[in-house]
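> Work out the full structure: start from the sequences and follow the hints.
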Amino acid sequence: METLITLLVGVLVAVGVYLLLSKEMLRIILGTAILSHAIHLLLLTMGGLKKGDVPLLQEGAAEYTDALPQALILTAIVISFAVTAFLLVLSYRVYQESGRGSELRGQRDE
Amino acid sequence: MNNLLVLPMVLPILMGVLLVFLRPYIRLQRALSLVTLLASAGIAAYCLEHIRHTGIMRLDFGNWLPPHGILFVGDSFAMLLVLAACVVSSIILIYAFSTTGLQTEEMFFYPFVLFLVAGVNGSFLTGDLFNLFVCFEVMLLASYVLLTLGGRKMQLKEGITYVLINVLASWFFLLGIAYLYGALGTLNMAHIAVRVAEAGQGPLLTLISIIFLLVFSLKAGLLLYFWLPGSYSAPPTAVAALFGALLTKVGIYALYRMFTLIFVHDPLVFQIIGVLAILTMVGGCLGAVAYSDIRQIVSYNVILSVGFVLTGLAISTTASFQGASYYLIHDMVSKALLFLLAGTVVYLTGRSKFHEISGLIRNYPLVGWLFFLTMLAVAGIPPFSGFIGKVYIGLGAIEVKAYVLLAVAFLSSIGVLYSLLRIFLNSFWGETTISEDDQKHFDKSLGLPLVLLALLVVAMGVGTELLAPYIQDAAQTLANPELYIRAVLGDNLE
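For the record, the sequence lines run as chains A and B. For the first sequence, the residue numbers in my numbering are 1 to 110. For the second sequence, the residue numbers in my numbering are 1 to 494.
None of these hints come from the bench; they were simulated from the model. Heads up, none of these hints are tricks.
Residues from chain B that face chain A, not an exhaustive set, calculated with beta carbons under 10 Å:
(1) 140
(2) 152
(3) 156
(4) 163
(5) 164
(6) 166
(7) 177
(8) 179
Quick caveat, the model's predicted, so the values are computed rather than measured. Idealized CB from N, CA, C, for every residue including glycine.
If you want it as structure tokens, here you go:
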């Protein structure tokens, strides 16, 4: 299971990097979003996927699933959400200011 | 008692949130934010003294004993940097009072400055790797806003580059954390250090350490500095000074923490850091000499000093750690002053290329002489503050016979001197081009923060002895990571 998820992470990273390397601002932002999903999956996988029971002490299970990665991911998701929102607003402002397509690199004749 | 440790981060955050609700009352906002930063500085100073007497302070949140909970660890190195950050940012704030337009101030300028400082202080104090990531993000998000606030085209353009680079760096940070958690199963920095020492730093852990090196190099501007000059010269002067004084220092601090506490067992990494430092200094020198825009030159000086401070890490002896601690604090103060002066010159003349300006010292003698003083301090000429740090890093380099590093580090000082002397000779000397009638009024409120910072530079140079016990303590902890580990895990190590 872990191997499968790691492969999925690899695919997501590949897609994210491809999008990051494009010229369109919107694609780049989507790329960062996909990259962050990839890293969240990786964090989850690194903690071990399903090792045991729900981490509630009273249940008396022999082994518990690690709850820490989930806490980390929750934090990371909030942060990447905020940053993506900021990036979207920023690129919209750039679009408004420059009046032309949301291209990142300077004018073509530069 | 140890609860004080959290205040340098929590105080600015709470006040920042409060200020959001006080939006129309700009005067109140100014006063409150200044008081908050000064109070944080006072607390940091008190903690520093406390650490010297009773050893490293630790605060376990929610009483979860390490390695289980998140914790703040205050050692002298971190606390010195917190103190310097608070003092410098409060002085920059005074400059911001008179230069930031009302329109920008109303767009929550002060709350974001406070959030930035909170993130910086949190990064210095935390003892948990993931918490370090969170504090980094607090600082970065505030810096994104401050960089783009005002929405001039240049700011937006540089803002996008800056945000994207940092998003990517944060991604690598998370990658490193994920791998490290997978390999060692802990995120408490002291606990990681223990486990790395137990398991031995094999190829896998060295690879992870290289990922962290990449992340923090991006943040600190160690070789990967290509985003830095643009984004540091785009925002208004006060914000640029905040960035120049604080942001790269957090990356440098993180590098020091990682490679003095956790990944200390592989000499290869230190060689890599040495090479990176040399390349950074050479690149910074070239940039500082190549450009004629004052703000660009000043930004490249930041890069130069990053390279210089990290030679201290590449050498890694007690002496070089002492030098690096001195130099980091000096660098915060003097780079803030340098950025403010550069911004003041641009504001007064309306031009930013140094060969378009001439004879400023006749119009504004105060600015001229302060620039001269700063130039000497940054180049490391006694009796100013840069001298002692350079001496100690030099001593460390001689101790371990790293002569190439030594040569490049000291030659880079000449690059600094040359790049700033060029500005001084061209812009401040020579025939004055501004007649007395046209010259812009130099307000006293602009002069005050400049003079305060200059006094600090002189005081830190003359009063080196006063700082010495704290610096020695900081260097001791950096050179002997057991001290830090015992302070965190002491009671329940096994």
